[in-house]
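Colleague: Sequence:
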Amino acid sequence: MKIYGFDNDIVLSGANLSRDYFTNRRDRYLLIEDHEDIANYLHSLVQLVGQFSFKLEAGVDKNVTEAEQTNPGWKLIWDGGKGSTPPLSRQTGMQPYPESGWTEAASAAVEEFTRQWHSRSLVPRANLSSNEKDADTLLLPLLQMGPLKIRQETCAIPQIVDLALDTPSKEGRLPMLALTSGYFSLYQPYKKLLLRAKSAKSAIVKVICAAPEANGFFQSKGVSGWIPEAYTWYEYQFWSALRRSNRLLKQDGRDVEEGGVEIREWKKDGWTYHAKGVWYYPPSAEEAAPTMVHVGSSNYGSRSADLDLECTFLISTRSKKLSQKFKEEYAILEQDAKDLVDGELFQRPDRRVRRRVRIASRILKGML
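Letter 165 of the sequence shown, counting from 1, is numbered 165 in the working numbering, and no numbers are missing.
Please note: incorrect hints may appear among the correct ones.
Calculated pairs, DSSO-like style, for lysine-lysine (alpha carbon to alpha carbon, straight line, at most 30 angstroms) [unchecked claim]:
1. Lys75 - Lys133
2. Lys201 - Lys268
3. Lys365 - Lys267
4. Lys267 - Lys133
5. Lys82 - Lys192
6. Lys268 - Lys327
7. Lys325 - Lys338
8. Lys267 - Lys338
9. Lys365 - Lys338
10. Lys133 - Lys82
11. Lys365 - Lys206
12. Lys327 - Lys338
Think of the hints as simulated: they come from the structure by calculation, not from any bench. Note that the structure is predicted; figures quoted are calculated from it, not measured.
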């Protein structure tokens, strides 16, 4: 999860905010201004997760003065949530959580948290303010916490993909779905959806992933230096599956009017790529723009689905101004995604994937 809040202003992003994000790393940032409900929701979420988290404390050497303690060590302290402000669902004098065996309790707490916030949103229209009645944009928070069996995101993403694939063309124009991830290794259920199409004419699906040079682990020392090569292997496997299914856009005789999937690699000299997201463009007689986007910390892989704690937002809008902003955002990413992934790319010597990397990537696929 990446959550950044300042009073009632929130920044939705997948960025970790280390130094390179401010210099030469591409990511997404969406500012939501003066939205008390979203700010309170995310603040309460941080409090809730804090109940099941270690407290980080500086390890102070008592034999060294404070002035001499320039680089103290760190230690993890488990207090069961005593040291943090409890969220709404825990303001009842409950005992601290034990250091182990708390998975079921955490899962129940997150479920109750979601239920409470959902019930808050069920306000009769007559009780809404004039601004709320005139709202043209819906923000839906999604939690994905595989270890706790919380799977809101993996329920929502297939519905967006289905919407794109099943929407008929309009005046000869197909719907479009754009997806990007800096660490592209699609979760198997998502991959299966993109490999099938119920009709001869399907949506245009554009995928942007990082070229090896734009991977944050490129030329890293040790085993971590294998990671860009592993993602090349995952990319090749997905491309090969698309080819076998005749789903590649404008390749192997498939016309653009039939839709299909196109993969491009993002590369910019001296930069790395960490953007992730989904954009849905409905078919339109006018110039198409996204009316639904997904933004947050998920990379859409098995790790995000099953291991990590993710907080993302699905945003649906009728605002032409906001749709245009989302369109411009994707266009900026697309500017540096010039390399089309095809058979020739994988024939290049620099794309050779060593056998040991293929074996390791198969073993560690759920963690990448």
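Colleague: Where does the structure disagree with the numbered hints, that is, which hint numbers, in rising order?
Modeller: Violated hints (numbers, rising): 1, 2, 4, 5 and 10; every other hint is consistent with the structure.
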